[in-house]
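Engineer: Sequence:
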Amino acid sequence: MRLSVKLRGAKLELKAAGQVGWLFLSALRTVYRKTLTQDAEIRKLRDEVAALQERQVLMKETIESAVTRGDQMEARCTALAVRVAKLKSRQKPKIPSAVQVRALVRKENWYPYTLSRIMMMTGIGRMRWKYV
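Under my numbering, the first residue of the sequence shown is numbered 3, with each subsequent residue one higher.
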């Protein structure tokens with residue numbers, strides 16, 4: 003009888019150990035599956051971060067090139083404005099000759115305003131106009 007009691011106890015212990023082992027194994031499987039899914043999510047997020055970093059670098063380069071192009075265009079416009087100003091300052095004022103004034107006065111349809119302007123520009127006559 004003792005042997006059968008011992009066997010029953012051993013069987014119960016084995017059964018309990020098997021159940022504990024099975025519970026441990028199933029818990030280990032669930033943890034392993036969670037780990038695999040989390041690893042996949044981490045890989046996916048790392049890929050997204052890498053793609054975003056590439057986009058950020060690309061955007062920085064685009065902005066820097068746009069700024070450089072803007073600076074270059076501003077420098078060109080400034081140079082052109084200076085050049086135009088220099089060219090305009092070098093132009094001699096067009097002062098009409100006395101012959102042109104006489105020809106204008108002899109025309110039938112001449113305006114006194116035009117004559118006064120010519121007189122002011124040339125200094126012909128005693129009339130000096132402050133505002134024309």
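Just so you know, the hints here were simulated from the structure itself, not pulled from any lab data. The beta carbon of each residue, even a glycine, is placed where N, CA and C say it ideally should be. Treat the hints loosely; a few may be bogus.
Said to hold, decoys possible - Using C-beta positions, here's what the derived DEER-type ranges look like: (1) Lys17 with Arg57: 29 to 37 angstroms; (2) Val51 with Lys17: 49 to 57 angstroms; (3) Lys46 with Thr70: 35 to 43 angstroms; (4) Gln55 with Val33: 28 to 36 angstroms; (5) Ala12 with Lys46: 27 to 35 angstroms; (6) Gly23 with Leu60: 52 to 60 angstroms.
Engineer: None of the hints should be skipped; say for each whether it holds.
Structural biologist: Now for the hints, and whether the structure bears them out:
no.: 1; hint: Lys17 with Arg57: 29 to 37 angstroms; in the structure: violated, 60 angstroms
no.: 2; hint: Val51 with Lys17: 49 to 57 angstroms; in the structure: holds, 50 angstroms
no.: 3; hint: Lys46 with Thr70: 35 to 43 angstroms; in the structure: holds, 37 angstroms
no.: 4; hint: Gln55 with Val33: 28 to 36 angstroms; in the structure: holds, 32 angstroms
no.: 5; hint: Ala12 with Lys46: 27 to 35 angstroms; in the structure: violated, 50 angstroms
no.: 6; hint: Gly23 with Leu60: 52 to 60 angstroms; in the structure: holds, 55 angstroms
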